[in-house]
Amino acid sequence: MSTTDRRPALAVDTVAPVEGRSPWRLAWDRLRRDRVAVACAAFIVLLVLVAILADPISKLIGYGPTQQDRTGGITPDGLPTPPSLHHLLGTDNLGRDILVRIVYGSRVSLAVGVGAAVAAVVIGVVVGLCAGYLGPAVDSVLARLMDVVLSFPFLLFAIALVTVAGPSELIEIAVIAFFSWAAVGRIVRGQTLAIREKEYVEAARSLGAGDLRIMFVDVLPNLVAPVIVYTTLLIPVSIVFEATLSYLGVGIIPPTPSWGNMISDAQGFYQVAWWFLVFPGVALVLTTLAFNLLGDSVRDALDPRTEIRGR
Amino acid sequence: MDDVLLRLSGVVKHFPIRQGILLKHRIGSVQAVDGVSLEVRRGETLGIVGETGCGKSTLARCITRLHTLTAGTVTFDGEDISTLSRRRLRPVRREIQMIFQDPYGSLNPRRRVGSIIGDPFAIHGLADGLERKRKVQELMELVGLNPEHYNRFPAEFSGGQRQRIGVARALAVRPKLIVCDEPVSALDVSIQAQIINLLEGLQADFGLTYVFIAHDLSVVEHVSDRVAVMYLGKVVELAEADQLYGGPRHPYAAALLSAASVPDPDLADRRERIILTGDVPSPVDPPAGCRFHPRCPKARDRCRIEEPGLVARDGDPAAHLTACHFPVEAGENLARA
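So the sequences go chain by chain: A and B.
Residue 216 in the numbering used here sits at position 156 of the first sequence, and the numbers go up by one each step.
Residue 292 in the numbering used here sits at position 278 of the second sequence, and the numbers go up by one each step.
No lab work stands behind these hints: they were computed from the structure.
Predicted model only: the values in this text are computed from it and were never measured.
Errors might be hidden in some of the hints.
[Unchecked claim] Using C-beta positions, here's what the derived DEER-type ranges look like:
#, chain 1, residue 1, chain 2, residue 2, range
1, B, Pro161, A, Asp363, 48 to 54 Å
2, A, Asp363, B, Thr66, 32 to 38 Å
3, A, Ala220, B, Asp299, 38 to 44 Å
4, B, His229, A, Arg92, 45 to 51 Å
5, A, Trp88, B, Phe29, 20 to 26 Å
6, B, Asp328, A, Gly195, 46 to 52 Å
7, B, Asp17, A, Val182, 52 to 58 Å
8, A, Pro196, B, Asp142, 34 to 40 Å
9, B, Ser172, A, Pro196, 37 to 43 Å
10, A, Arg92, B, Pro161, 55 to 61 Å
11, A, Gly250, B, Asp142, 33 to 39 Å
C-beta: ideal position from N, C-alpha, C; glycine also.
Chain A on its own, in the form it takes in the complex:
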């Protein structure tokens, strides 16, 4: 930690009032100075607002997400109409406004992406902590379990599971979380194994602290940095996973729009209606990119060794 290094040695006792700058505060300061991170965060905030305000936005545009514009939204040949003042991003093969559908699709992507990532991280952290801390017997069971989950051919199993359980948003979250938690669990387990040997864990034990207290008060705070980084990187993966399932027809069921099933619908028309395929694709790529870049920036900010970018 470089907290004290920055100040002259003598100033430590003379500066008043005394206020500790926590490692979190330092990371936050670093993150704020990172222009890429700020831009990505702004994009994500915008996306969240769009998802929340989807209803007013669709009213403003004048079309609902499943509403077919039979007069101006479809050509006499029955083809999608290109971007125009009526439909800013054009319409799809059924005459539905693509912009409105992308706006509603962001709800699905964010809900499933964030929901699945958070669920996976919670499960992964708890299982990883137990595996790493509670000793070889628990560890050998849980580590094998993680190996098994990680060795599933997960797309195949996801399709099979959704087919059996019937598609819904909740099932999607459950399926994505089920195939993602083990990777988190492994990271947490490894870190826990290293931390449990530290002297401060011994100190806590000699004070009489129980296993649960040590796991959550002494070990967990030291895991927060990698967990935050992994969560931000897991969200875009989950969003793409959701789009993949929807694309394959086992995710969100039409007519409810999701970016994945829009891309799927566009497949038969991309030669005559490029906007039908490109805009949902762009939305997906930009969102994934923003989360990934933000994740990288968070990792850099939490690592005291990296240099501050964007200054």
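Chain A is already provided as a structure; the job is to place chain B on it using the hints.
Frame of chain A, contents of chain B only:
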């Protein structure tokens, strides 16, 4: 009330060495501590010295029950604590505290100092909220820290200040016994003196009993009433500090003392050091008989076969115990032996 606060009898700690991937089988064991019997009286400081790897720290962790004993008993305040369950051990943990060697490793870098020192209150449910904060700040003042630094992180303190934090944490529950595992060996010499003075002051104020482990002989001589010298998991000599330093009886203790640095350069030049040959044997496979015999200048056939007991030798006071068949006599010069 019994004068003896802590009694170790035949304490053994072996660490198994396992091999194999799925079906692990035991192929041997590191005999870190092998039959140590000691008594620590109320209010005294017992020093334990020995070179790296002789089992000092393992012994400390046996006393504080961070390790489970392989054999033997640890009796604290008349109660055998060596087999207590974790739940039954909790009240004992308030009585025995530990100060660690590494002031960087022993404080959680992600937690504020106030919460670290407040840990004992939280764990034993002794004080909450504002009362806890007040008590923590009292402790910080007691060990010479600025109470306003309550909300700082360990990284914002120097090594000496961090060790004071460790002392404050150990002191929080008003223990009877504090096991100091090389509390000053990671610190600068000038800071060492401050911490030792602090520990001595606290001992006088609170009537603490210390088990003080170190490899720095002069530090141990300064703080200890009695000193135990360890070699390869065994105590080889145990005596009052001035007796041991005045006339060590065990050849290993003599060699160790002759290697200690002396502040006076003239004296250091005239003094003859006993140079031991060879390395410390592996604790996995210690030598038969006296464990020191392969390196001992006085070793004879008997030493290779018969293990010497830790008893008072001819001419020594009853409290001066030596585990050697042929102890060093007064005036004998081992350096030329």
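Hints, verified against the model:
For B/Pro161 and A/Asp363, the Cβ-Cβ distance of about 33 Å falls outside the hinted range of 48 to 54 Å, so the restraint is violated. Distance hint check: the CB atoms of A/Asp363 and B/Thr66 are about 33 Å apart, consistent with the given range 32 to 38 Å. One distance hint, 38 to 44 Å for the beta-carbon pair A/Ala220 and B/Asp299, is violated here, with the actual separation near 57 Å. Take B/His229 and A/Arg92: their Cβ atoms lie about 48 Å apart, and the range 45 to 51 Å holds.
A beta carbon spacing of about 44 Å between A/Trp88 and B/Phe29 contradicts the range 20 to 26 Å that was offered as a hint. Here the CB-CB span from B/Asp328 to A/Gly195 is close to 51 Å, well matched to the stated 46 to 52 Å. Between B/Asp17 and A/Val182 the C-beta distance comes to about 55 Å, which sits within the given range of 52 to 58 Å. The given range of 34 to 40 Å is respected by A/Pro196 and B/Asp142, whose C-beta atoms sit roughly 37 Å from each other.
The hinted range of 37 to 43 Å is satisfied by B/Ser172 and A/Pro196, whose Cβ atoms lie roughly 38 Å apart. Checked against the given bound of 55 to 61 Å, the beta carbons of A/Arg92 and B/Pro161, roughly 32 Å apart, lie outside it. A hinted range of 33 to 39 Å holds for the C-beta pair A/Gly250 and B/Asp142, which are about 36 Å apart.
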